[in-house]
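Q: Residues per chain are reported as follows:
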Amino acid sequence: MEAFLDTFFNGAVLARYAPSILQGVWVTVLLSVLIVISGIAGGSALACLRAYRIRLLSVLIVIYADIFRALPPLVLILLVFFGLPNIGILLSSFTVLYLILTLVLAAFAEEIVWAGITAVPKGQWEASRSTGLGFTQTLIWVVLPQAVRIVIPPLTNRAIAITKMTALGMVIGVPDILGQATTAQSFSANASPLMLAAIAYVFLFLPLVIFSRWLETRFAAPGV
Amino acid sequence: MVIHQPATEMTQAAQGAVAPPTLTVRGLRKSFGAEEVLKGIDLTIARSELVFVLGPSGSGKSTMLRCCNRLEEPDAGEITLEGDPVTGPKVDLNRLRLRMGMVFQAFNLYPHLSALSNVTLALRKVRRLPRAKAEALGLAALDRVGLKAKAGSYPAQLSGGQQQRVAIARALALEPSVMLFDEPTSALDPELVGDVLAVMQDMKAQGMTMLVVSHEMKFARDAADRVIFMDAGRIVEEGSPEQIFEAPQHERTETFLARFSGRG
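Residue numbers (my numbering), protein chains in the order written: chain E, 1 to 224; chain V, 1001 to 1264.
For the record, the hints were derived by calculation from the structure and aren't laboratory data. Be a bit skeptical, because a hint or two may be false.
In silico SDA-like cross-links for lysine to any residue, where the CA-CA straight-line distance does not exceed 20 Å [claimed, not checked]:
| no. | chain 1 | residue 1 | chain 2 | residue 2 |
| --- | --- | --- | --- | --- |
| 1 | V | LYS1090 | E | PHE135 |
| 2 | E | LYS164 | E | PRO154 |
| 3 | E | LYS164 | V | LEU1113 |
| 4 | E | LYS164 | E | VAL75 |
| 5 | V | LYS1125 | E | THR136 |
| 6 | E | LYS164 | E | LEU22 |
| 7 | E | LYS164 | E | VAL27 |
| 8 | E | LYS122 | V | LEU1113 |
| 9 | V | LYS1125 | E | TRP141 |
| 10 | E | LYS122 | V | LYS1090 |
| 11 | V | LYS1125 | E | LEU22 |
| 12 | E | LYS122 | V | PHE1032 |
Here are some chain E residues the structure puts well away from chain V; computed CB gaps all over 10 Å [said to hold, decoys possible]:
| no. | residue |
| --- | --- |
| 13 | LEU22 |
| 14 | ALA45 |
| 15 | LEU76 |
| 16 | PHE82 |
| 17 | ARG129 |
| 18 | LYS164 |
| 19 | MET195 |
| 20 | PHE211 |
Bear in mind the structure is a predicted one, so any value in this text is a computation, not a measurement. Each residue gets a CB set at the ideal place from its N, CA and C atoms; glycine is no exception.
Build out the structure end to end from the sequences listed, making use of the hints.
A: Below is the structure:
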């Protein structure tokens, strides 16, 4: 028991590395917020573009979405971080992680929002168009508000799953929670910093999960 | 009313022309794939006329109606609204659709908006009225269908009959020149049909021009000025309700009506 506590909850180690892990928390929070905002915005924009059913554009969007959903994010991160410098493009590890996870989330978000748009009955388009609203107006005022309600649960789930992948930044040296914790772990030869990281992740993501539940109830149409 | 009529005629004479019919359809054709569902439809609807369209399912009557505001794009033919072309390359369709109200079988109310917001959406976004003005017109339209008290309710909180009346108000609020009804009562429980038909009868009484695709024979007898029987993409015959219901000229009309006898 003592060995267990010494390995996972070593007071001295915890106290010594807590500040650096706290720094990691801010990096993770910043990354997550940026990724969620730009990923969902980008994916939604692509889904809306796809609604116009311009053949070539739709094909390009589908190819992008399929590739970024198929490849493991870690492969993309390594490819970009270690590959691009060879052609003279130097990006910080933070930027690479942000870019890749945003592109991955946008790919998933595009498919999810697109599914939501197509789930809105044709009669909704017809009713709106029959009263003189144009295609774009119908999309904005009639279809998207209904699509958003449909896609909130899968979209928040996916956003949480992708933001947890910020932990992959560790392999390219991003000083996020896990990056800081593994550094501390190798200096101290003790697993307590990793335990601290796990606790930090729980405190970070549990409210997000609860928030997503609240969103679902908040956006349910009255009377349905 | 009678006193004013000569004055109206004089105004028309002064303008040097008789007002064009509210809706005209010439040579309307439409195919879905290899199947031609409309094989040349000609139709003229005068102002304040209620034209009732009958026919078996698959006869093309709904498609004909949906071609009038181009929810379905006609393959051939010309449509005019009060003399203005509806078909053709330079048509501002969204402007024209403000003048053609449409009511659907499935109501198609926006579930995320209150009854009032359903009615005011086009007033605000297409006619670009300020909120207060749009809401005043919206409430007046809801009042006409007897649902002013339900302005704040959402579609899911309303009965089918109430939903359809809100949908009628949504079209009425735009003060259209013609109202197109696509089987407005077919999705309703029998006991809710009466309220919707009463609203339509009231619109008729107030002089609204209406093209109604429906199976409500009793309503056709009571309210229609003219009844059209369609089959297999063509108008088989048309006439007053008495002519069509009491003395149909064509066998197909007779067979169709026989299946409905005892109903309505």
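Q: State the violated hints by number, sorted upward, taking the hints as numbered earlier in the document.
A: 3, 10, 11, 17
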